[in-house]
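*Asks:* Chain residues, written in single-letter form:
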Amino acid sequence: MKTTSVMIVGVGGQGSLLASKLLGRLLTDEGFDVKVSEVHGMSQRGGSVVTYVRFGDKVYSPIVTDGEADIIIAFEKLEAARYARYLKTDGQLVVNTQQIDPMPVIIGAAQYPEVVLDELTAKGVQVEALDALTLAREAGSAKAVNIVLMGRAAKNFDIPYDKWIAAIENTVAPKFVEMNKKAFDLGYNS
Amino acid sequence: MKKLLIGNRAVAEGLYDGGLSVVSSYPGTPSTEITEFLSEYGDIHSEWAPNEKVACEVAFGASLAGARSACAMKHVGLNVAADPLFTLSYTGVNGGMVICVADDPAMHSSQNEQDSRHYAIAAKVPMLEPADSAEAYAFAKAAFELSEQFDTPVLLRMCTRIAHSQSVVETEERVMPVLKEYVKDPAKYIMMPGNAIRRHPVVEARTAALTEYAENCPFNTVEDNGSDIGIITSGCSYQYVKEALGDSVNVLKIGMPNPLPVNLIKEFAAKVKTLYVIEELDPIIETHVRTLGLDVIGKEKFSPLGEFSQATVAAAFGKDANAFATADSDIPNRPPMMCAGCPHRGLFYTLAKNKVTVMGDIGCYTLGAVPPLSALDSTLCMGASVSGLHGFNAARDGADKKSVAVIGDSTFMHSGMTGLVNVAYNATNSTVIILDNSITGMTGHQQNPTTGYNIKGDPAAKVDLEALCKALGINRVRVVDPYDLKECDTAVKEELAAEEPSVIISRRPCVLLKTVKTAPSLTVAADKCKSCKRCMGLGCPAIRMKDGKADIDTTLCVGCGVCKQLCAFDAIEGVTM
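So the protein sequences, as listed, match chains V and P.
Here the first sequence is numbered in my numbering, starting from 1 and rising by one per residue.
Here the second sequence is numbered in my numbering, starting from 1001 and rising by one per residue.
Bear in mind the hints are in silico, worked out from the structure with no lab data behind them.
A hint or two may mislead.
To give an idea of the interface, some chain P residues facing chain V are shown, with a C-beta separation under 10 Å as derived from the structure [claimed, not checked]:
1) 1168
2) 1312
3) 1540
Non-contacting residues of chain V with respect to chain P, defined by C-beta distances greater than 10 Å in every case (computed) [to be verified]:
4) 92
5) 130
6) 138
7) 157
8) 162
9) 165
10) 173
11) 174
12) 177
13) 178
14) 179
Glycine included, C-beta positions come from ideal geometry on N, C-alpha and C.
Just chain V, same shape as in the assembly (with noise of 0.2 Å):
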């Protein structure tokens, strides 16, 4: 099987680490060669974070480069636009429609970009857009975002939706797992 390549892109604290813990073990469970490559440090302060997630036979390099991804998942909408050059011409860019302002635009030194999404589907990228801090909320907490996300991600990938619960069941924190599940079903579902 040829390698695939899955990108989380989002804002440092939004939870893009839990969420590749989460693809890591159940494709490794699912028997595939996996490697997860994660930003710590500094730019994890509010900055610009991105973990590559890619699977398959023998995977080689732990990174994705330009036109190479397979899938995106983007937990804010500036994001999504930053990351959309990795994106393969056929890939599927899930993103999540939440705006969180870089401090350049908190300041007034550059403007948000309202239009990015409609600017990519203009160019043919698939865009899924769901506003997925609304259902997290509907799920009992505005940090399962990750989750909400994974779960609309999780239609893009050949495994069936049993082991995505199992997966979730062995990598969040007991008291968290029914909120998970809920918001992993509202993503699903959305």
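Chain V is already provided as a structure; the job is to place chain P on it using the hints.
*Replies:* Coordinates of chain P only, in the frame set by chain V:
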């Protein structure tokens, strides 16, 4: 057992399964997790040392005592530990000793891009370099054997992409720790000239023996695919080569970058028409290959800057780049910044407002450099704020005193104390601000000697910063709450006006600590807001302008109340922390 492990966890498990008994480290991205994971084992001694030099010397002592020991640090940490390293090369070891060092090509979280392989060459010690988590585990474990076999400390070089990438590892049985006999041996362990002069030839002989070993060791491997192109590579670059070129080229993968083999490389080169070296950062392997008289393509095609990828390799071999689409709009940067409620913010606001020259240091507070606060003037290395300020003031003697140093609690323990001694002893009228947030913040919340807890979270001796600063010779020591802007302003003005050295301790725990109780989000009464944007000057990620009025993001605000103190119109409402 097959597990998906992050590189640093694989190193930790490799060291543990290799019979490790003692580990001492100072945190530094991307090396921190090695020691954090090791601290989870109850049957070994693990600790955070005040700095990397101490950590390396602790590991030396444990090795001398007969135990297998390790220390871990980031690349710039090895600069601090370089002093013991160079002479450890002469003494050698009793129990095996491994020094893990993690480089950070592309500077994801570092102040420079130095290549640690230079240290292995300069100190004449062997270095291993894994290319994935499986090798990180195997090499860490094997490093102890190598260390004892050749009587030398062994460097284990990681880089960000290996340290922070997860891949599949099959772990093996643990070698149970053994405490070897300790025998007094002054000629080997007391490095005064008469002894050291007899140890240097031993080091040279060892390097010769290790070079011989490198010719046929398990760390260096050849993939002969019958190609007339040969690539010598190592670490993550190997993965990029394989991803881009697969089995279409011959590959010599170097897992031991020091010392490098001679015949293995010559024989590999003899089978191909074109020879490449693909290595990140400096041309270490390439230089060695050239000294063997071989023609090679290296840094002219593969930059010494930053990280590579499979695309770097593909492009160098003439492959077309992948197609992709981009949005038309400009995409604003999203630089890292101080968190909402960060206790450093109020202090930096005060310094910026008073137009103070600020010597910065290494930690979260380096983010005080980012607009709109733009409050820093320099950042060099751990501890340099204090000593740099002293020099700055020595050079500008008599000029208006408008300069301070800012340094975190952990960084002050690491190497700020000695600078403060110098301020007192050599008497410059300097003001040092210790940003005491009760934790080592940037590397992800590690305990340090000022927090009162050890690496396992158990209560420990706690350094009294006020008493320490006084003991070092500073008479004026005061504590402020950085959430109280008026108090900060008064303290900064008074200490700058004082005619003797002083220390301000800005004390408030990191808002991300689980022990900190935050308040509900504040809100803006839009009818009271006069759109003066004074609150925007804080650079708080929770405050923005919305429809012409200040607006607080309720998902981010923790109610620190600093913005509330700034608002002249009482438009910011709510109960503060």
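*Asks:* Hint by hint, say whether it matches the structure.
*Replies:* Verification of the hints:
| no. | hint | verdict |
| --- | --- | --- |
| 1 | 1168 | holds, 6 Å |
| 2 | 1312 | holds, 8 Å |
| 3 | 1540 | holds, 8 Å |
| 4 | 92 | holds, 13 Å |
| 5 | 130 | holds, 18 Å |
| 6 | 138 | holds, 15 Å |
| 7 | 157 | holds, 17 Å |
| 8 | 162 | holds, 20 Å |
| 9 | 165 | holds, 19 Å |
| 10 | 173 | holds, 13 Å |
| 11 | 174 | holds, 18 Å |
| 12 | 177 | holds, 20 Å |
| 13 | 178 | holds, 22 Å |
| 14 | 179 | holds, 17 Å |
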